[in-house]
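Trainee: Residue numbers (full-length UniProt numbering), protein chains in the order written: chain A, 1 to 461; chain B, 1 to 319.
It should be emphasised that the hints constitute simulated quantities derived from the structure, not laboratory data.
Even for Gly, the Cβ is constructed at its ideal location relative to N, Cα and C.
Please note that a few of the clues may not be correct.
Among the chain B residues that face chain A by a calculated CB cut under 8 Å, a handful are [claimed, not checked]: (1) L101; (2) G103; (3) S105; (4) K143; (5) R145; (6) A273; (7) L286.
Label pairs and their in silico Cβ distance ranges [as the list claims (entries may be wrong)]: (8) R80/B - T153/A: 37 to 45 Å; (9) A456/A - T94/B: 36 to 44 Å; (10) L68/B - T153/A: 23 to 31 Å; (11) E320/A - P47/B: 49 to 57 Å; (12) D205/A - R80/B: 26 to 34 Å; (13) S184/A - L120/B: 55 to 63 Å; (14) R80/B - G211/A: 52 to 60 Å; (15) F142/B - A224/A: 20 to 28 Å; (16) D342/A - N250/B: 31 to 39 Å; (17) P297/B - I254/A: 49 to 57 Å; (18) L68/B - D205/A: 18 to 26 Å; (19) I254/A - F301/B: 53 to 61 Å.
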Amino acid sequence: MSSIRSRRSLAAVAGGLGFALALSACSGDSGGGGGDDTAGGGATGGDTDCAAYADYGDLSGKEISVYASIVDPEAQQQRDSYKPFEECTGATIAYEGSREFEAQLPVRIQAGNPPDLAYIPQPGFLKSITEDYPDALVPAPQGVIDNANEFYTEGWVNYGTVDGTLYATPLGANVKSFVWYSPSMFDEAGYEIPTTWDELIALSDTIAESGAKPWCAGVESGDATGWPATDFLEDVVLRTGGPDVYDQWVNHEIPFNDPQIVEALGTVGSILKNEDYVNGGLGDVQSIAAAPWVDAGLPILDGTCWLHRAANFYQANWPEGTEVAEDGDVFAFYLPGQSADDKPLLGGGEFVAAFSDRPEVQAFQAYLSSPEWANAKAEVTGQGWISANSGLDRDLLKSPIDILSFDLLTDESYTFRFDGSDQMPGSVGAGAFWTEMTAWFASDKDDKAVLDAIEAAWPAS
Amino acid sequence: MTTTPLPPQSFVKKEPGEASVPAPGRGRRLTRVEKRAIAAQGKLSSPWASLLAIVIAVLWTIPSLGLLITSFRPELDIRRSGWWTFFTSPEVTTDNYQEALFGSSTNFSTFFINSFVITLPSVVIPISLALLAAYAFAWIEFKGRSILFVAVFALQVVPIQVTLIPLLSQYVDWGLEGSFWVVWLSHSMFALPLAIFLLHNFMKDVPPSLVEAARVDGAGHVKIFFQVLMPLLTPAIASFAIFQFLWVWNDLLVALTFAGGAPDVAPLTVRIAELSGSRGSEWHLLSAGAFISMVVPVLVFLALQRYFVRGLLAGSVKG
């Protein structure tokens, strides 16, 4: 009996040891194998002037984790822009980008391992985090508040503020009130860039009379299908209703299906549901629902479409070799207001929120809200990035559309408003608003019915 | 417990003597199962059935073929027209593969190695543990065995999604998050119920007389396990290994939730999920990415295919 039992336990011990050995061998292997790649990549040079970084102190050996929805190739530009900070303070920034950011962040918060900093792309999401996990976010420290007040307009600071507490400072920005066109086609046809809404409609009519379809659009975007149409409606609400109505609408002080919004949707429909206007190079009105937004502007290159309303970041969607410039293959003009003096501007951006109050995290958050970082980022970015930071040096921007966006953003004659669907509650701004706008195209749903359905989806509280 | 306990009677309906005969002997009367098998064989090998099989195979392959063709088309062609237009204007480029393989700031081989480092232990650990457990459930009598077995079996009902947050917070308490350990542990946990159940059923099907004979000859549990059962179980182990390999290799959820997307632990699937860029403007790379990640599972499947088919058959009509 004893011999059998001891043999059995010996076997068990041996088996267990075998496992342990195999496991530890593997883990040792991987730890060494994976680590060294993060250090690679293009350095920005070692001769950084560290004077501006003295305030952050010596952070040698400290690590700060950053989680965001920005992935490669833009993620590499983010990492490169941290180099001056890392060199001068000795801290290490562990940047992690994921397209699943919005789903994963709440999971991490709930499980107790949130990142030190997160780049949150919607003020609405920031608000819902403060409501769902009241103790997770750390209010911005004084250094960050000072930077925010000094370098950002009040509007931008407010988007990162929840119930009077500043949690997050703006990081990047984008401008959505743009119409992409082909400068050479405009030259040949002798068309002028419209400066008022009426001129824009007149231009569309002229193009339509020539037998072409002036506009092309597409709202397909995977899980987020419909969002490009929400931007269009927001832009038009800003123009037909004005910024005040827009604010009331976004904050649900007037119902979603207010008569002024119905009118705005009708105006959108006079372009996007007009058989004479759409859908250049892509099909009929219904094709808007199924056309991928990333490809919807491409007919401009073929000459089958003249106008495509999209944000400044649409420049990444032009195929390689397309010249984006005022005298190039494609460029964008500002989507005009009712009159030449009425200049509302729709845009968006990300916000840096902290989940830790360790000194190195606060230092890095302050750095991200400073002009030093904005300029470092502009230096390492080829195209497609701007910031609302007033300390950003315009000369560092390389792409003409980025320069134009930055000019509009910092020009005080333009009234800036943040993307409304990003501020609404998730069930509307990332739910009913998208699906109903898609149905508006796909099944030719009635204007009023669409807005009624979205209003019904607004959370009761 | 002075002697090794007798193996329980197997509940296979066949008689032990008959089941242990490796192939049906000539002149023996055929059982009903065998008659049905022969009839089915006749039906399946008719020319019409073959034609149908070929048609189904072709239909099933067309999407993959389209994906393959797409992966070699230039960016603008992919974005503006369907893959079938390739035949009228063939234009081939390897740019997509170049970009998918080398376009990231992290070397592509890192993700490949991470995938292997994650997958191999995640296949070996559950199979090893499940073999031991299955042996105990099948051939060792102990109190509460049936209840325990049913409990393990019932664990398969638990959807993996509901375990994500509790498990992750547990890992955070232990300070393990963000390492390979949590991925191995999690994959092992999720695989064990099915692995134990499958391997147990295979072990049960081994004729008790074989085990009894070994025991009469003085073999203990260890010897029976390694020298009598293991050789018979190879097809079962191989087929489960393929299942588990494919599942872990293709997994995004577990790796992303527990290990995160940091380059030192992220597997290939994480890279592919991000291939299309922050705003999806690079989606033309996805077909190339899909093919790159498909290479390894296809190789594994082809290499172990023989066992796989044998393993599947072993469960249904046992000779």
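Trainee: For this structure, which hints from the list above don't hold up?
Mentor: 1, 4, 5, 7, 9, 10, 14, 15, 16, 18
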